[in-house]
Amino acid sequence: MGLDYQFVLWNRNKKRYDIIIVFGMLFYLFLFTGLTLIFKSQTTMETLLIRAFGTLALLMLHIILAIGPLCRLNTAFLPLLYNRRHLGVSMFLAALVHGGFSLFQFHALGNTNPIYSLFTSNMDYGSLTNFPFQVMGFFALLILFAMAATSHDFYLKNLSPKIWKGLHLMVYIAYVFILFHVFLGAFQQETSVLTVSFMGLGFLSLVTLHIITGIREAGKEKQEYEINVDQWLKVCHVSDIKTNRAKICTIDNGPVAIYKYDGKISAIHNTCKHQGGPLGEGKVIDGCITCPWHGYQYLPHNGQSPPPFTDKVQTYQLKLEKGIIYLNPRALQEGTYVEPIQIEK
Amino acid sequence: MLVLIHIVLVILAIYFCIGLCFGIYFVLAGAAKIDPLIKESKFNVRFLLAPGSVATWPVLMLRLLGKSTGAKGVNLIKTHRIIWLSIAIIVPGLLFLSIENLSFQNIDVPTSDRPQSEYEKVLKSKENRFLIASIVHVQDNKMQLDVTVKKSLEYPTLTLYAIGENGDRNKLIGQIGSKGTYRFTIEDNINGILLYDALKKITVTKFEF
Chain S
1 MGLDYQFVLW NRNKKRYDII IVFGMLFYLF LFTGLTLIFK SQTTMETLLI
51 RAFGTLALLM LHIILAIGPL CRLNTAFLPL LYNRRHLGVS MFLAALVHGG
101 FSLFQFHALG NTNPIYSLFT SNMDYGSLTN FPFQVMGFFA LLILFAMAAT
151 SHDFYLKNLS PKIWKGLHLM VYIAYVFILF HVFLGAFQQE TSVLTVSFMG
201 LGFLSLVTLH IITGIREAGK EKQEYEINVD QWLKVCHVSD IKTNRAKICT
251 IDNGPVAIYK YDGKISAIHN TCKHQGGPLG EGKVIDGCIT CPWHGYQYLP
301 HNGQSPPPFT DKVQTYQLKL EKGIIYLNPR ALQEGTYVEP IQIEK
Chain F
1 MLVLIHIVLV ILAIYFCIGL CFGIYFVLAG AAKIDPLIKE SKFNVRFLLA
51 PGSVATWPVL MLRLLGKSTG AKGVNLIKTH RIIWLSIAII VPGLLFLSIE
101 NLSFQNIDVP TSDRPQSEYE KVLKSKENRF LIASIVHVQD NKMQLDVTVK
151 KSLEYPTLTL YAIGENGDRN KLIGQIGSKG TYRFTIEDNI NGILLYDALK
201 KITVTKFEF
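Chains as they are written, first to last, in this note's numbering: chain S, 1 to 345; chain F, 1 to 209.
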């Protein structure tokens, strides 16, 4: 959130994470180079570069896809979520180096257009086993390009949530293409069981992580709350919520985030107006509920973005009786002020 | 298939050519028409918008024409769940099918493997940077081909053939894997050998004795 657009929206934390990303990438590249020179000393420099950057991009993609469920399982991973966009762009750059070198190495040294050569050097499109795996890598790279190119705040705001989210959901198509690119490539280019094993392990870990998180969240959505005489829902004990964090409870109107901050509690609708991010998975920063996805902010007592911004979400009334939080499930109009409930000491 | 590839490549080329032209206009003027906040920003920000405008020019053009591109506040948590479930079910199946069809030449790999102590006489031997190959006379008046792979050959399906009189693949001898020594019983004396990758359909190396 800002009054103008920055080239890169850096703050101290983001700079620190970007430094970690750069050093992490360099460390991996040196490690891969060292291990290759020790165990496969006959590898040529071009092949080494192609494989180093390809496996780096693959590793980074797995980390990126794991961040979402990890944050839902443990809030300690949230800083990774705040910096996921920079990690995504860095991953695209690694994939671009891999793709660029591969295109040059395998297709640019003849008298045919390299892109045309990429599509026609293996014409076995009818076979699942011999399918031209480089074409899958090419299309995956195109998707990653579109995602990286639209990661700036300008596109977040102006492409509309529907288009932007739809475009970025294509990461799953890219991931499937990359899985086949690596899998078929490993069989068609070399008999490396190691590459396929690492990729299989990554795939299994990701699928397990997402399914566990999905089951947990589906369970939360089905949770039924005790109803008191005023038809308010008994949610939880106030001590169940950490300071500056929220508890998300799902009612008929959708998920609600009940935030504890500054000795008070307030409730707002859980869905961010910007891109549909889960507000309850964020935290209170500078007195504002901050969306974990893109940092959009709302005041906890009225669900309004601080001026001059104009986004608003629905608010809810709360009651506190003997440390138990009760929620009125009837949502108030977006941006309606609700007096925060003081927590008795 | 070639026609389809041409169509795909032409569509891609047209899309990116229009995108490039639109990108220049968008960086210079279009972005500020969609979002006046860009005027308040430094000029270098506009250059960062260029790749995105090339990639998404049809949507941005709709925005410039004043068309709506969707409502706010989408919640896609369930969509993510469905996608992951689909990936978990479909992808392993496809991966399995892709290697189930993997034909390693449909060959019966010869199984003759004799200890070196039974050698009687080395008849022929030759070496290049990949292999050492020897034809030896073993007990019971039989011949054996010993092939030592000196370093890992990064080909998925290496098969060993005896070469014919005109130097082409003649008779299948067996399959070669990673680095190591392989021994095959052969019935006749052979002129030379070649290593062939059937999946990539290339001859990796060959030599005559």
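It is possible that some hints are incorrect.
Unchecked claim - Lysine-lysine pairs mimicking BS3-like chemistry, simulated, CA-CA at most 30 angstroms apart:
1) K78/F to K312/S
2) K124/F to K312/S
3) K33/F to K162/S
4) K312/S to K42/F
5) K165/S to K264/S
6) K39/F to K312/S
7) K162/S to K67/F
8) K165/S to K39/F
To be verified - Here are the in silico distance ranges between beta carbons for each label pair:
9) K40/S to C21/F: 20 to 28 angstroms
10) N11/S to C21/F: 30 to 38 angstroms
11) T75/S to V3/F: 21 to 29 angstroms
12) S125/F to K40/S: 23 to 31 angstroms
13) E127/F to V8/S: 51 to 59 angstroms
14) R169/F to V8/S: 34 to 42 angstroms
15) P308/S to L12/F: 40 to 48 angstroms
16) I173/S to A29/F: 29 to 37 angstroms
17) N11/S to I202/F: 49 to 57 angstroms
18) I5/F to L201/S: 49 to 57 angstroms
19) V3/F to K40/S: 13 to 21 angstroms
20) I212/S to E127/F: 16 to 24 angstroms
The set of hints was computed from the structure by calculation and includes no laboratory data.
Keep in mind the model is a prediction, meaning the values are calculated, not measured.
The beta-carbon is built from N, C-alpha and C at its ideal position, and this holds for glycine as well.
Okay, the hints, checked on the actual structure:
Of the supplied pair hints, the one linking K78/F and K312/S holds, its CA atoms being roughly 23 angstroms apart against a limit of 30 angstroms. Between K124/F and K312/S, the direct Cα distance comes to roughly 86 angstroms. Violation of the 30 angstroms bound is thereby established for this hinted pair. Distance check on the hinted pair: K33/F and K162/S sit about 21 angstroms apart at the alpha-carbon level, within 30 angstroms; holds. For the proposed pair K312/S and K42/F, the alpha carbon gap of about 29 angstroms is at most 30 angstroms, so the pair holds.
This hinted pair does not check out: K165/S and K264/S have alpha carbons roughly 34 angstroms apart, beyond 30 angstroms. Simply put, K39/F and K312/S have alpha-carbon atoms about 26 angstroms apart, close enough for the 30 angstroms limit, and the pair holds. Pair hint K162/S plus K67/F holds up; C-alpha atoms about 14 angstroms apart against a cutoff of 30 angstroms. For the given pair, K165/S sits about 26 angstroms from K39/F by alpha-carbon distance, which is consistent with the 30 angstroms threshold.
Range check, K40/S to C21/F: Cβ separation about 46 angstroms, and the 20 to 28 angstroms hint is violated. The supplied range of 30 to 38 angstroms is met by N11/S and C21/F, whose beta-carbon atoms lie about 36 angstroms from each other. Restraint check, T75/S to V3/F: a C-beta distance of roughly 54 angstroms breaks the suggested window 21 to 29 angstroms. Between S125/F and K40/S, the C-beta spacing of about 28 angstroms keeps the proposed range 23 to 31 angstroms intact.
The hint said 51 to 59 angstroms for the Cβ distance between E127/F and V8/S, and at roughly 58 angstroms that hint holds. Our hint of 34 to 42 angstroms for R169/F and V8/S is violated, since their Cβ atoms are close to 58 angstroms apart. Taking 40 to 48 angstroms as the suggested C-beta distance range, the pair P308/S and L12/F conforms, at roughly 42 angstroms. Separated by about 33 angstroms at the C-beta atoms, I173/S and A29/F satisfy the suggested range of 29 to 37 angstroms.
About 54 angstroms separates the C-beta atoms of N11/S and I202/F, a value consistent with the hinted range of 49 to 57 angstroms. Taking the beta carbon of each, I5/F and L201/S are about 34 angstroms apart, not inside 49 to 57 angstroms as hinted. Range check, V3/F to K40/S: Cβ separation about 41 angstroms, and the 13 to 21 angstroms hint is violated. Range check, I212/S to E127/F: Cβ separation about 56 angstroms, and the 16 to 24 angstroms hint is violated.
Checked against the numbered hints above, the structure violates hints 2, 5, 9, 11, 14, 18, 19 and 20; every other hint is satisfied.
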